[in-house]
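Trainee: These are the residues of each chain, in order.
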Amino acid sequence: MSKILIKIDGREFEASEGMTILQAAKEVGVEIPTLCYYEKLEPYGGCRLCTVEAEIRGRSKLVAACLYPVEKDLIVRTRTEKVDQIRKMLLELMLAHAPASRDLQAYAEEYGADKNRFQKESSFCIHCGLCVRYCAEIKKKEVITFVDRGTNREISFIPEIASQECENCKECFPLCPTEALQAAYVLTQALSFPSLQSVTE
Amino acid sequence: MDNAAIDHIINKYQGQARFLIQILMEIQEENRWLPREVLKTVSEKLDVSFRQVMRIATMYKTFSLVPKGHNEIHICMGNACHVRGAERLLKEVQELTGIKPGETDSDGKFSLEIGCCRGNCCSGPVMEIGGKTQDKMSPAEALKNYE
Amino acid sequence: MARINSAAELEERRLGILSKRDPNKLCIAVCNGNGCSGRNEGIISVFTEELGKQSLDGKVDVRATGCHGFCEKGPFVVIYPEEICYTGVTLEDVPEIVAQTVVGNQVVDRLVYTDPATGEKAVRQSDIPYYKNQTRLLMGNNPMINPKDIDEYLALGGYAGLSKALFEMTPEQVLEEIKKANLRGRGGGGFPAGSKWETTRNAPEKVKYVIVNGHEGEPGAFMDRALFTGNPHLVLEGLIIGAYAIGSHLGFIYTRHDSPELLANIRTALKQAEEYGLLGKDIMGSGFDFEVEVHFDIGIFVSGESSALMRSIEGKAPEPTPKYIRTSVSGIWGKPSNLNNIETWANVPQIISKGSEWYSTIGTERSKGTKLISFFGNVCNTGVVEVPFGTSLKEIVYGFGGGIPNGKKLKAVHFGGAMGGSLPASMIDTPLDFDGLAKVGAQIGAGALMVLDEDTCMVDLARFFMKFLSEESCGKCVPCREGVRQMLNILTNITEGKGKEGDIELLEEISEVVGEAALCSLGRTAPAPLLGMLNYFRDEFEAHIKEKRCPAHFCKNLQ
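Residue numbers (our numbering), protein chains in the order written: chain U, 1 to 201; chain C, 1001 to 1147; chain B, 2001 to 2559.
A few of these clues could be false.
[Unchecked claim] Between beta-carbon pairs, the in silico distance windows are:
# : chain 1 : residue 1 : chain 2 : residue 2 : range
1 : B       : Glu2291   : U       : Glu81     : 28 to 34 Å
2 : C       : Arg1036   : B       : Thr2090   : 57 to 63 Å
3 : U       : Lys61     : B       : Asp2455   : 40 to 46 Å
4 : U       : Glu81     : B       : Glu2542   : 41 to 47 Å
[Stated by the list, open to error] Here chain B is said to cover these stretches of chain C; the calculated rule only asks that three of the stretch's residues, wherever they fall, bring their Cβ under 8 Å from a Cβ of chain B:
# : region
5 : 1021 to 1033
6 : 1079 to 1089
7 : 1095 to 1101
8 : 1115 to 1128
If you are wondering where the hints come from, they were derived from the structure by calculation, not from laboratory data. Predicted model, so just to flag it, every value in this text is computed and none were measured. We treat Cβ as the ideally placed atom computed from N, Cα and C, and that holds for glycine.
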C-alpha cells in the first residue's frame, strides 16, 4: 500500500493510503478521544467526539477523524480552541443523559465539561451504537436495534431473539461507555416482560 | 393478514430484499397496521434480519405497530398550518374524539395522527380523514360524516 | 401504440396527433391540483353528466389537469380554445357554465376573475395579472395537458429535447450545454448541476445511477409536486437526457407516498413512455438504454438528505452515512449516483431544445432561469408562482401574494422551512438570488416562502422549527440529536416565561457546535433559522426573557 505524507499537530508522519485520520493518529501515538469507535467495527461517526481540524490545499474544515480518509498533504490539528470547544459541548450534552459514566467523566475533566450544564434526562444511553453494531457485525445475531427517530431514538432488545442468544453471550455489556448495567437492565426487562416491549413507546 | 396475502405482495417484488420498504408500505396500506407476526414473516421471506425490519418499521411515521381505527384523522402541523392555527384545530379534534395523536379510540372508529405538509397549504389548517381533505367544514361536522 | 424509432418518427407522431385535433373543438380544462381537487371533488363527472344532458357527449372534451398555481382562487376551470377562465368554481356552477358558455357561447360574468386592486375583470387566464406577470417556462403547460396522456405532452413539442440530445449531440455536448447554461440545483444548495453530472460521468465505476429527488419534505413546499403531478413527462424527459449525458442506464424516482394523484401520474407516464419507445431498451432507436424505478419516502424529513435517500433506495433505514466521498462518486450501492430535484430535471429539456444562450438571458448573473416559489402563511393569495431569478421578494409577496390580509402589517418572510432563514419586512426589496439571499441568511431552500404578519412570535416560530427537527431527524449523531433537544428545551422555556439570563448566548453556543460538528447537511443547517431570528429579531427574544413579555401577544403564558 502506498505511503502518504501527512502532518498531525505540527509533526510529519507517513500514513498508508486507505487509513482514516484516527487510525493514522493512533499508529503514531497521537490521542484523539472517541466514544462510538471500536477498531473491530465499521466506523460510525455518531458521537463526533473525534472531531478534528483537517486542512487540505489551504482550506480548513472540521471532520470526524474516525471517517475521514488520509490524503496527500493533509494537515491535521487535533487540539485547537475550536475542537476543544466542540468536544466540551458534546460531553456536556451527553452527560445530561449519563452523568455517572466513567468514560465521560474522564473526558469531562480533560475538556473542562460541566456535567450539570444541561437539564438532566437520565436515559443512560448516549446512542453510540456499540452494542447494536457489535451484535450485528461481530456476533451476527442482530438482537439489539435502534428504534424510533430524532430525539425519541432508543435501543431495544428483540425479546424473541434475546431469550435464545443473550444468556451465553453478553459480550456487548463491557463495551457500553455509560453503564454496562443499562444494557443488562433493558435486556432483563425485555426477557421478563416481552409483552410490555412496545417499540413505539 | 394471512401468509398468502403477504406472499402476493412479496412476489410482486420478486422477493427482493431491497424492496423491503415498498413491501411494508403495501402491507400497511392493505392491513392498516404492521403486526409483529407479519413483520417476522416478511423478515424470513426476504431473508432480511428482523432487526432491520423493526428498524424500518419504527423509523417512518407511516408505519404503525398498533392497530389503527377505521378512519384515520390526519392533522397537518406544518408551518403553513401552524401559522393558521393548527394547534387550535388539534385541540378541538382531541376533545371531540377523546384521543391524542398516535392513539385509536376504544371502538376502533378513529385514529389520530399529526404530521406535516401534504402540500395543501392554501386550505390550512388542514385536516384529512381517510385521505380526504375536510375543507370548509367545522371539525365536528366533518367527524359526524364518518361516524 | 407503436414504438417511435427515430427523430423523424417522433415528429411524425406529433403531427399525427395535431392533425386529429379540431382546433375549434371546445375543451373544458379543470384543475385537479391539490388545492382545487379537495374543494370540488367529482366535478369532472358532473361536467360529463351535464354535457350528456345537453347531448354534447364527445363534442366537448373534458380534461383534468395539474395545478394551475393560483390555489387561493381555485377551483379553476378554463375553457379552450378561447381560454375563458372561471375561478372558485363549485359543483353547483357546472350547469350554468355548460348552458351559458359551452352551449350559449356567453361568459358567466360572476365567475370571472376581478382584480381586487383595480376592479378590472380578466376573462382569459393569461390576462389575470397573477399569470400575466409570471415567466411560466415550466408550469405554463400545466393547464394545457392531461398528465395521464403522453400525446398531449408530445403535441406541445414534448421529447424534442431528448430527440435532439440523442441524435444531434454527443453526451459530452449535452453536459457542456448544461454547464454553459449554469443550471443550479433547485433543491436547496444551488450547486451547479453540470459539475455534479460531470463528477458522476467521470467517476471510475462504470455503472452509474441518476435520481430524481421528489422528496419535497420541506413543509410548505408544494411546487415540486404541483409540477411533477401536472407534467410528469417534462421531468422524465429531463432525467433521460441527464442519464444520456452521464452514461447511466438505471434511474430512480424518489417521491412522496401520500399523494395518490402524483403516484398514478408517474406510473402512467413511465408506462406510456415505455410503450412509445422513449424509455427502456434502444430509446427511439438510438441504441441508448435507460430504465426507471420508483421509490418512496414514507414520512421522515431526513430521507431527503442525499446519503439518507440513497440508503432508503437500497431498502435500508434512511440514515445519513457520510464517508467524505461525494454521492456523485459513491452513492447507491457504492456506485456514482447523480441526484437532482424535480425542478432541476424539469429545466433540462428546454435548455437542450433552446440552447444555453437563450437560457442565460433569463435571471441574474449567477442565478439563471426561473424559480418556482410556493408561498403561504399570512398572505392574501396562497399558491405557486414561477418567476425569473432577480424578482424582488416584494413583488412576490405583494404583487402575486396580494399583500397581508386583515389589514395587518408584514413582519417577516421566511424561506426554506426548518433549515432556512427569516428576513425582516425592511429587507423585502431583496431580489430572489441563490447567493444574494444566502448572504443575508435566508437560503432559498427548495423555494417555500412563508409570509408572517405582525401577530407572529418569532421565538415561537423558532421553537416550532426546533420541534419539527427533533421529530424529523434520524437521531444518529450527538450534536444534532442532543443539541436540538436542548435548544428545544430552552426555546420552550422562553415561550413559557421561564427564560433565563444567558439563554440567548447558550443557544448561540449550541448552534455553533451543531452547525460545525453534525454528521449531515441537515444537522449542520438545523440551527440556521434560529440564528437568523436571533440576528434580526433579537429584541423579541430579550423581551420574552427579561421582561416576560411577548411583543406579538402570541405566547399565552406571557400576557
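Trainee: With reference to the structure, classify each hint as holding or not holding.
Mentor: Consistency of the hints with the structure:
no.	hint	verdict
1	B:Glu2291 x U:Glu81: 28 to 34 Å	violated (53 Å)
2	C:Arg1036 x B:Thr2090: 57 to 63 Å	violated (47 Å)
3	U:Lys61 x B:Asp2455: 40 to 46 Å	holds (42 Å)
4	U:Glu81 x B:Glu2542: 41 to 47 Å	violated (28 Å)
5	1021 to 1033	holds (count 3)
6	1079 to 1089	holds (count 5)
7	1095 to 1101	violated (count 0)
8	1115 to 1128	holds (count 10)
Consistency note: the structure conflicts with the earlier hints numbered 1, 2, 4 and 7.
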